Amino acid sequence: MSEKQKHATAYWKKNLSYLVILLTIWFIVSYGAGILFKDELNNIKLGGFKLGFWFAQQGSIYVFVILIFVYVRLMNKLDKKFGFDE
Amino acid sequence: MSVQTWTWILVGVTFALYFGIAFWARAGSTKDFYVAGGGVSPLANGMATAADWMSAASFISMAGIISFAGYDGSVYLMGWTGGYVLLALLLAPYLRKFGKFTVPDFIGDRYYSNTARTVAVICALIVSFTYVAGQMRGVGIVFSQFLQVDINLGVIIGMGVVLGFALLGGMKGITYTQVAQYCVLIFAFMVPAIFISFQMTGNPIPQIGMGSKTQDGVFLLDKLDMLHTQLGFKEYTSGTKSTWDVFAITLALMVGTAGLPHVIVRFFTVPKVKDARKSAGLALLFIAILYTTAPAIAVFSRTNLIETVSDKEYALIPEWFKNWENTGLIAWDDKNGDGKIQYVEGASSNGKPVYIKERGAHGERLISNGNENANELYVDRDIMVLANPEIANLPNWVIALVAAGGLAAALSTAAGLLLVISTSISHDLIKKQIKPNISEKGELLAARISIFVAILIAGIFGIYPPGFVAAVVALAFGLAAASFFPAIILGIFDKRMNKEGAISGMIVGVTIMLFYMIRYKTGLIGIMDARPASEWWLGTSPEGFGTLAMILNVIVSVVVSRLTPAPPLHVQEIVESIRIPSGASEASSH
Numbered sequence: 001m002s003e004k005q006k007h008a009t010a011y012w013k014k015n016l017s018y019l020v021i022l023l024t025i026w027f028i029v030s031y032g033a034g035i036l037f038k039d040e041l042n043n044i045k046l047g048g049f050k051l052g053f054w055f056a057q058q059g060s061i062y063v064f065v066i067l068i069f070v071y072v073r074l075m076n077k078l079d080k081k082f083g084f085d086e
Numbered sequence: 001m002s003v004q005t006w007t008w009i010l011v012g013v014t015f016a017l018y019f020g021i022a023f024w025a026r027a028g029s030t031k032d033f034y035v036a037g038g039g040v041s042p043l044a045n046g047m048a049t050a051a052d053w054m055s056a057a058s059f060i061s062m063a064g065i066i067s068f069a070g071y072d073g074s075v076y077l078m079g080w081t082g083g084y085v086l087l088a089l090l091l092a093p094y095l096r097k098f099g100k101f102t103v104p105d106f107i108g109d110r111y112y113s114n115t116a117r118t119v120a121v122i123c124a125l126i127v128s129f130t131y132v133a134g135q136m137r138g139v140g141i142v143f144s145q146f147l148q149v150d151i152n153l154g155v156i157i158g159m160g161v162v163l164g165f166a167l168l169g170g171m172k173g174i175t176y177t178q179v180a181q182y183c184v185l186i187f188a189f190m191v192p193a194i195f196i197s198f199q200m201t202g203n204p205i206p207q208i209g210m211g212s213k214t215q216d217g218v219f220l221l222d223k224l225d226m227l228h229t230q231l232g233f234k235e236y237t238s239g240t241k242s243t244w245d246v247f248a249i250t251l252a253l254m255v256g257t258a259g260l261p262h263v264i265v266r267f268f269t270v271p272k273v274k275d276a277r278k279s280a281g282l283a284l285l286f287i288a289i290l291y292t293t294a295p296a297i298a299v300f301s302r303t304n305l306i307e308t309v310s311d312k313e314y315a316l317i318p319e320w321f322k323n324w325e326n327t328g329l330i331a332w333d334d335k336n337g338d339g340k341i342q343y344v345e346g347a348s349s350n351g352k353p354v355y356i357k358e359r360g361a362h363g364e365r366l367i368s369n370g371n372e373n374a375n376e377l378y379v380d381r382d383i384m385v386l387a388n389p390e391i392a393n394l395p396n397w398v399i400a401l402v403a404a405g406g407l408a409a410a411l412s413t414a415a416g417l418l419l420v421i422s423t424s425i426s427h428d429l430i431k432k433q434i435k436p437n438i439s440e441k442g443e444l445l446a447a448r449i450s451i452f453v454a455i456l457i458a459g460i461f462g463i464y465p466p467g468f469v470a471a472v473v474a475l476a477f478g479l480a481a482a483s484f485f486p487a488i489i490l491g492i493f494d495k496r497m498n499k500e501g502a503i504s505g506m507i508v509g510v511t512i513m514l515f516y517m518i519r520y521k522t523g524l525i526g527i528m529d530a531r532p533a534s535e536w537w538l539g540t541s542p543e544g545f546g547t548l549a550m551i552l553n554v555i556v557s558v559v560v561s562r563l564t565p566a567p568p569l570h571v572q573e574i575v576e577s578i579r580i581p582s583g584a585s586e587a588s589s590h
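From first to last, the protein sequence lines stand for chains Z and Y.
Quick note: the first sequence uses this note's numbering, first residue 1, plus one each step.
Quick note: the second sequence uses this note's numbering, first residue 1, plus one each step.
Read the hints as simulated data drawn from the structure, not as lab findings.
None of these values were measured; they are calculated from a predicted model.
Be aware that one or more of the hints could be misleading.
Stretch by stretch, here's where chain Z covers chain Y in the computed footprint (C-beta under 8 Å, at least three residues) [unchecked claim]:
| id | segment |
| --- | --- |
| 1 | 24 to 35 |
| 2 | 240 to 249 |
| 3 | 495 to 509 |
Just some of the chain Z residues that point at chain Y, by a computed CB distance under 10 Å [unchecked claim]:
| id | residue |
| --- | --- |
| 4 | Leu-19 |
| 5 | Glu-40 |
| 6 | Ile-44 |
| 7 | Lys-45 |
| 8 | Phe-49 |
| 9 | Gln-57 |
| 10 | Val-65 |
| 11 | Asn-76 |
| 12 | Phe-84 |
By construction, the Cβ of each residue, glycine as well, lies at the ideal position given by its N, Cα and C atoms.
Throw the hints in and build the complete structure from the sequences for me.
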């Protein structure tokens, strides 16, 4: 494998590990907190909201927005580190 | 000034604005026409994507649907936003690096096959046409309700406007008009929401007001749950759908969102790979403003509705009730003859109310298909957003603003879809398959002709809506999930995926999705009726079946690809190059 290819492979591996972490959070806030465990979470109150209901109709959406911007930041840094930025 | 006058003024001003922008952003080349010259800033692209995405359904119907579905409505909220995470992380940056005009372009090149390209074009056309028909109808409905013009005339006016800016500007014109349309629609959505939130809870931010206390010191959501229980409805904050079905529908909507061609194509319009990531984030931010407000509006209007009508005398009911009754979106059937409105669990009539000419003892419109249920009230879900300002007694200009916002939402989505349809024909079919040596000018002309024809067809669907349109729009997501999404993801993340695998996966996915839709949702007119819910596979509704069809697509693709030869070397090189952001050339046609 050439030096360039090794470089590209390392970059891709790092990218994949970011994806796994961020998509796990994505899954937990929506499918976990908003759907599968919503009944349990509904016993907890967040102001006037039952927590499971809040995740399903508000919280998951806020987290989605944050996740994308975190990914943007992480990848911009990674691009710089590997010299792939423009 | 009357609502009518205000509406004409606001609609007139916004339409003039759209035309002005379209004229300023005329398209000169196919690149302008297909991907707005590839030079749109991430901020503008984020707004345009948000406007493109939020259709008449998001603007007018979603809050109403949630209002009546309570927790079950969460599938739309999570489903139509969570897909953007998939887009930003798994699709947009790589497709931008690939640097072509369309989704079928990617499928055709990545799977080195015109068959794959054709399958993708057909899928894109099916998805886009089912979707656009609903938009044109939406334009007609807004016109007829706010401006008292005939629905069909409304559709024709809408066609004329879209034609104007799409024909002139292509993607470039559409993108910049969509930026303006986003501003109009979000302003129109937020103003009444803020007013009402402040009225009901003292907090002007709807997202917080929803979880606050009302004047009587009770949390709004607790109060609504209590009202629901008293009237025999299921608690607002807990649902009626099975957990598995909620899971399946949410996933199908998310994946479908990420697979819709008119959404994906937006990310071809920005200059760099990092811009594609960023603009997906901005798009979701702009969308989230509306999507986190909608559930608040749902709660406000549900509480308002119950408190205003439940057990109240018809004679003393506010004016808006009778106005909407006259347009056929509310019906009251005084079954027990006490002159009061009983609003409880159960349908008030068999199907939608059918009005007869005579009026009842209290001046209400009588219906011919009443039933034995105790419930006396029918309320169409769409009026929850449309009538909300009236119910909350807001000034006339706010009511008019909602009309302008609804039109902006419908027109921007229709324009985006029509562009995908015309690109599929002029670029993917004519340029890439039928007549490869067509000149730039010829292709541009073909694109303009096909957009013209597409608008005519969409208009005809809008004027004569086939009964299945409403049902099918929701299923367009299932189709996108079952066809494009796996083919694109595997094309990026699985280097070994080859044309045999991708083509068989797409065909199996779409076929089984269509089969399930027809068998359990639409039926085939004259041949068979839709089968009942008790026969659903694993208890999965047709809306959620896209999830199963997608999984099947992936399994078929992977198995078939491993049994057939690996893709050629130059294709494996394409895959390696799209994984690295640097050196993204401008989007090009060859």
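Hints and how they fare:
1. 24 to 35: Per the Cβ count (0), the hint is violated.
2. 240 to 249: holds (count 3)
3. 495 to 509: violated (count 0)
4. Leu-19: This interface hint holds because 6 Å falls under the 10 Å limit.
5. Glu-40: This interface hint is violated because 12 Å lies over the 10 Å limit.
6. Ile-44: 13 Å, violated
7. Lys-45: 9 Å, holds
8. Phe-49: Hint on Phe-49/Z: holds, closest Cβ of chain Y at ~4 Å, below 10 Å.
9. Gln-57: Nearest chain Y Cβ about 4 Å off; hint holds.
10. Val-65: Constraint on Val-65/Z satisfied, holds at 5 Å.
11. Asn-76: Holds - the Cβ of Asn-76/Z comes within 10 Å of chain Y, reaching about 6 Å at its closest.
12. Phe-84: 4 Å, holds
In this structure, the earlier hints numbered 1, 3, 5, 6 are contradicted, and the remaining ones agree with it.
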